[in-house]
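Okay, so the sequence shown: first residue is 1 according to full-length UniProt numbering, each after it adds one.
FYI, nobody ran anything at the bench for these hints, they're computed from the structure.
Treat the hints loosely; a few may be bogus.
[Unchecked claim] Restraint-style ranges between C-beta atoms, simulated for each label pair:
{"hint": "1", "residue 1": "101", "residue 2": "13", "range": "36 to 42 Å"}
{"hint": "2", "residue 1": "30", "residue 2": "126", "range": "35 to 41 Å"}
{"hint": "3", "residue 1": "125", "residue 2": "15", "range": "17 to 23 Å"}
{"hint": "4", "residue 1": "79", "residue 2": "28", "range": "32 to 38 Å"}
{"hint": "5", "residue 1": "8", "residue 2": "120", "range": "27 to 33 Å"}
The structure displayed is predicted, hence computed values, not measured ones.
For each residue, glycine too, the CB sits at the ideal point set by N, CA and C.
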Amino acid sequence: MAALSATDTEDPVTGLRKVPDLMVVPESEVDAVGARVSSRVVLLAVEVVSPGNPRNDLEVKARDYPAMGVPRYLVVDPRKGAGTVYSDPSQGPDGMRYRKAVPFAFGDRISVGPWSVDTSGLRTYED
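Kindly generate the complete structure, drawing on both the sequences and the hints.
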């Protein structure tokens, strides 16, 4: 696995393009990665909620990432000291959506797919 930041991801099917704060891709894809990577190889997208535009991370990207084929989406919200792990994208009457959303508080140990993540080092914007 490799973690990338400052790299665009674009879906060849929908044409949607995002720039996650962090994304995890198979190491085999790193050599092929330039300024953009296909969203179909992204294993996890991570976004830190911005204080100026929280709707983009909490609603828009939570809708777009599953449509782009991203299997897991981790949202970290320093405004609230909490976050959500989204997974299980599947087609439904409302389109392709994450069917599982697991909230967490900073300090929890969370499961994000095959990874265990200790969130005790995360800080709120006030810290």
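Which of the listed hints are not met by the structure? 1, 3
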